[in-house]
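Let the hints inform the model, and build the full structure from the sequences given.
Now for the letters of each chain:
Number of protein chains: 4
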Amino acid sequence: MPTPPPRNPDFAARTRADFTRQQVMQTMGITITALAAGKITLNLPFNTDFAQQHGFMHAGVISTALDSACGYAAFTLMEPQAEVLTVEFKTSFLAPAQGDRFECRAEVLKSGRTLMVSEARAYAISNNREKLVAAMSATLMAVYPRETGR
Amino acid sequence: MPTPPPRNPDFAARTRADFTRQQVMQTMGITITALAAGKITLNLPFNTDFAQQHGFMHAGVISTALDSACGYAAFTLMEPQAEVLTVEFKTSFLAPAQGDRFECRAEVLKSGRTLMVSEARAYAISNNREKLVAAMSATLMAVYPRETGR
Amino acid sequence: MPTPPPRNPDFAARTRADFTRQQVMQTMGITITALAAGKITLNLPFNTDFAQQHGFMHAGVISTALDSACGYAAFTLMEPQAEVLTVEFKTSFLAPAQGDRFECRAEVLKSGRTLMVSEARAYAISNNREKLVAAMSATLMAVYPRETGR
Amino acid sequence: MPTPPPRNPDFAARTRADFTRQQVMQTMGITITALAAGKITLNLPFNTDFAQQHGFMHAGVISTALDSACGYAAFTLMEPQAEVLTVEFKTSFLAPAQGDRFECRAEVLKSGRTLMVSEARAYAISNNREKLVAAMSATLMAVYPRETGR
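Protein sequence lines, in the order shown, are assigned to chains H, D, G and B.
Quick note on the working numbering: the first sequence kicks off at 30 and runs consecutively.
Quick note on the working numbering: the second sequence kicks off at 30 and runs consecutively.
Quick note on the working numbering: the third sequence kicks off at 30 and runs consecutively.
Quick note on the working numbering: the fourth sequence kicks off at 30 and runs consecutively.
Identical copies carry no separate label here, and so any pair may be met within one copy or between two of them.
Straight-line alpha carbon distances no greater than 20 Å define the calculated SDA-like cross-link-like pairs of lysine to any residue that follow: (1) K160 <-> G141; (2) K160 <-> E136; (3) K160 <-> T32; (4) K160 <-> P33; (5) K160 <-> R142; (6) K68 <-> L161.
Hints in this document: simulated from the structure, not taken from any laboratory.
Here it is, written out as structure tokens:
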């Protein structure tokens with residue numbers, strides 16, 4: 030699917046700046062490893078602080094990285110003054126989230142002025158092998174200044 | 030809707046014990062504040078370590094608490110030897126996650142031997158007032174020892 | 030949860046008029062059996078024309094009735110000039126869709142100017158007994174004349 | 030993603046036979062246009078009998094075709110004695126469902142013994158051009174004879 034053109038030529042710098050304002054990304058050690066118009070890859074390191082009862086990463090933590098990936102993929106295509114909000118997401122968990130680190134790759138499926146739809150997949154990486162562990166589809170909203178409601 | 034009967038008379042103690050094994054619950058300060066057969070309430074305190082770019086709690090962190098609420102509500106109805114896994118969840122975000130703390134209230138909608146469906150809602154609490162901020166529906170799976178596959 | 034006030038005092042007549050324009054409702058025999066601000070109940074008769082391989086109503090047909098229920102519940106709260114579009118929905122199937130008829134009860138969880146969230150449940154009715162067979166959560170969009178994009 | 034091997038060498042004939050048992054497929058004129066292990070394409074012709082209030086195909090009807098696509102993609106990978114049930118699905122609607130016909134292409138993302146996850150996309154086709162109009166992710170369950178519960 031062809032990626033629609035960005036509405037903001039300075040999308041990369043703006044996306045990176047906004048990302049650094051998400052305190053939870055630093056708390057979880059999540060970083061941007063690739064960025065293009067309509068696409069982003071985030072890296073989440075394994076950390077037992079965020080594990081569930083079997084020692085795997087908690088589904089909500091994987092969703093945190095996937096949601097930021099979906100949101101920032103959409104953000105790259107938004108107008109310069111827009112803010113991004115998550116309307117909803119669904120995540121399917123396909124395998125235990127065990128690995129040295131996790132790559133979350135998102136891309137925009139639909140780029141409307143108000144609503145965008147992104148999809149992302151999380152891969153567990155260990156010893157240079159990767160395994161698909163989760164898939165998200167998300168609806169994002171562009172919020173413009175002075176607009177009220179949602 | 031009448032809650033189906035628990036398959037394990039000792040469900041409360043088993044659920045609390047399993048909950049303490051989720052390291053991420055301690056990291057985020059999430060605690061059980063109410064527990065019954067097929068129902069649970071979790072409390073998540075506001076913490077800027079888990080905030081997004083506008084200073085609200087990140088959607089993934091709210092989902093972490095909601096997912097554990099859905100999962101443990103289902104767990105209370107599972108057989109004594111079962112483990113619980115999240116198959117998938119969807120979360121709708123209805124208002125900014127701002128407040129002193131968040132209450133996540135989950136209950137089981139369907140209690141099959143293998144699959145369960147739970148619903149949960151997150152309320153932001155400030156000054157004794159509560160506001161609905163998110164709603165999750167989740168599919169959970171009971172996994173029994175020696176069974177393989179998923 | 031208190032239902033937010035309607036933005037259109039004539040919501041009931043407008044909703045019923047729009048409903049009659051959905052040809053698929055007539056094809057499937059779906060009718061409105063109750064209507065209030067933010068709430069609606071639709072009735073779907075059992076019909077083997079819309080059955081799946083085990084003779085139950087197909088999941089997509091149940092979703093058709095649930096989606097219209099979610100959409101029209103939201104529509105009752107929209108401004109007089111707005112049109113309603115479904116952004117996304119998720120349906121969980123809890124029991125086989127067998128019964129003489131199905132009642133789909135929807136209500137609005139969030140009523141924003143642009144986006145609304147509704148939830149609906151489908152009950153199979155036979156011999157005056159009802160059984161929950163499916164649950165939907167849906168995001169709806171109010172589209173205003175002259176607005177472009179989505 | 031490599032498709033996992035089928036558990037039933039006779040999967041194609043069994044899938045086609047089961048498909049013909051879905052009465053709703055005939056009612057809506059839905060047919061199989063391509064079939065392989067873990068993949069299927071269904072064709073849905075435009076029909077005003079199944080239209081919503083703007084004359085487009087109803088979201089639930091598109092979901093009917095997408096759900097059967099997801100279900101039968103999974104069915105191709107199931108054991109010879111298994112039946113398939115839809116546990117849940119989510120559909121995002123990306124553009125109005127207008128076109129001469131609709132192609133629904135599904136593929137399996139995860140193939141467990143009990144649970145499978147499929148994804149499908151619906152494309153509107155007019156004048157040999159196609160446009161993505163909807164995307165579904167679905168959880169399917171393999172049900173084996175003599176097993177009770179779900």
